[in-house]
Amino acid sequence: MSLPAACMDHEMSVVKSAPPHPDPLIEIKDVHFAYDERPILRGLTLNVRKGEVLAVMGGSGSGKTTLLGLIGGRILPNKGKILVDGQNVPKLDRAALYALRTRFGMLFQFGALFTDLSVYDNVAFPYREQTNLPESVIRDLVLLKLQAVGLRGAAGLMPSQLSGGMARRVALARAVALDPMLMLYDEPFTGLDPISTGIVGRLIRRLNDAFGLTSLVVTHDLDASLKIADRVIVLAEGQVYRDLTPDEVGTTSDAFVRQFADGLPDGPVPFHYPAPPLLDQLLGKTVAGPNGGVTP
Amino acid sequence: MKKSKFDLAVGLFVAAGILALVFLALKVGNLTGLETSEGYRVEARFDNIGGLKVRAPVKSAGVVVGRVDSITLDGQSYEAKAILRIDQNYKFSKDTIASILTSGLLGEQYVSLEAGGDSVYLGQGDRISKTQPAMILEKLISQFLFSKASETTGTSK
Amino acid sequence: MNSVIEMIEGLGRSVLNTLARLGLAGRFFVAILMVIGVPLRRFSLLVRELYFSGVRSLLIIVVSGTFVGMVLAIQGYEVLQRFGSAETLGVLVALSLVRELGPVVTALLFAGRAGSAVTAEIGLMQATDQIAAMDMMAVNPIARIISPRFLASVVSMPLLACMFSAAGVFGAYLVGVKLIGIDDGSFWSQMQAGVDFRLDIVNGLIKSFVFGVAVGLIAVFEGYYAPPTAEGVSSATTRTVVTSSLAVLMLDFVLTVWMFRGLNG
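Chains as they are written, first to last, in this note's numbering: chain R, 169 to 464; chain F, -11 to 145; chain G, 186 to 450.
The shape of chain R in the complex, shown without the other chains (with noise of 0.2 Å):
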């Protein structure tokens, strides 16, 4: 198990590794999901190589958080498979699921640390639940885990002490504490300063070649994830709307993409909320708005 704690202190620009391993380590085969009658996904199919970074965007509702939770087994899909290493993730018993997750590593949106635990002992919990590691031998991993993050100096704090940034830096270093095979990040980017922004994204790619993990990026920030993703995938319509490596997102000219890269106002995805014609509304006739309700 090495260790990516020394390039973090002297390289501060992002090195891509050579191109990924063709095999995919999940397969989405046709993956239809639908919440409370609506629908979610529709028939997704999608594969994520072995080594890759695969940054998953796309606008709000669209199935990104979803497609996270559907590969970590906490939903079921409708129909479909979901295949992760060769095993079908929906069909798997409660002991192969578990099995299976200490495998994975999770990022959650705000960092999701428990907030009884100090920085340490996050850290410490996965060593302490899932291995019988000595206390001493644990104490060296997280130290270990919390240098890679440059977190080493604050393992005594209690995580309602942490910055945004720091505590997502924290709940990077417990989810990888395991050495998983798959990193899955939901929205990592999210309320961070410019620097912390830039920390986390160079985090994700230098431990992703590091440890020659396979990650998953769910995010918004289009800059960030530029910068470190193998691929982007765009979903729109409950599937894969587009594929596309970094340097072609800045020069497609697909309308709904570029509205996206460009953060147009009005394009595919409309400026305006479905209404009435205006002309209508200002000579004062009452008119039932198209979702049903009635507008004065």
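Calculated from the structure, these hints are not laboratory results.
Computed Cβ-Cβ distance ranges for the label pairs, DEER-style:
id, chain 1, residue 1, chain 2, residue 2, range
1, F, 79, G, 355, 36 to 42 Å
2, G, 413, R, 262, 20 to 26 Å
3, R, 413, G, 225, 53 to 59 Å
4, F, -1, R, 388, 47 to 53 Å
5, G, 413, R, 427, 27 to 33 Å
6, G, 427, R, 391, 47 to 53 Å
7, G, 259, F, 108, 54 to 60 Å
Some chain G residues well away from chain F (every beta-carbon gap over 10 Å; in silico):
id, residue
8, 190
9, 256
10, 413
On the chain G side, residues computed to face chain R include the following (Cβ under 7 Å):
id, residue
11, 315
12, 321
13, 323
Remember, it's a predicted structure, so these values are computed and weren't measured experimentally. Don't be surprised by glycine CBs; every beta carbon is placed ideally from N, CA and C.
Model the placement of chains F and G on the given structure of chain R, informed by the hints.
Same frame as chain R, now just chains F and G:
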């Protein structure tokens, strides 16, 4: 096992709870030897048991020596049959008298045993032959009125 | 006419919702029972929860118990001395406490203090994804977080009820014997003659055990299924207190009928 800083507080808490339970059992309740040790059972028949209830005390010279185990009606003699459980430590002669008395004026009723002089003692399953029924208020009043009435008729003669 | 139909529809819907929720609670209860061995084996988990639910409730329970006992003594004396039975005050107070007030009032206070705290804590953990994170780390949150808190409620309740009753008897003693002047000896002797261990004290313990299960389950259930928003957690906390109180009082009725109906036979 990792030492927890809550151990002491919780230990004291549990100890206090058990202490409270013991206090209740001994000082508030009557968890004495009587309830737990088995005694011997004797039978006593009464013309009227009045307000005697199951679990009422059986006393002799005012000291509790047992409990009333059950009360039933004998279908043939129409007498009340009470089974009394008496503590092993106390022996009563075969000619003991069992009466039903009231504690205080309006208190609960209990069985009072007055030992006789017989050298043979009551054993398990024996029957107390001499009994005095409870005093029923209505009967007392009618007795009183009756005797008052006969008194006046007697003097008026 | 339409509004009446709507009312009935609404009523039907809420009945069905309540039933569904009850079913969910039942399944949740079974899930907790299946992993109840975990806090028993990893004792430090249980000890921690016993501290936060039990030890932290000690003060309010003991103080309330003392005051309830004192008030019982005053009110009881006022009524009893009209019939010249003032020296039976001890029995009156002791039986009221041990059979009813001890288990019931303790449960109500516990629901308000510890139950609501547990609901808020678990609800907040849900809202901040801590429970999901634990689940993703392949650690069963029901075993690690829910089960110890439930067990702590079940264990604390009888202990606290005993302390409430003991404090109440002591409070009544202070008022009745020391203040009002009832005879010390008859206060205790009448009490000891009238309070039976098996029938009164043990039944009271059984009651508080049942209440402990009810309040414990309601508190963890409302927290676990609270909507992950600030408003959701807040209303879940309120629901815990209200539902627990109703459940305790209804169970008390059922248990009292079952336990004490034959006493005057």
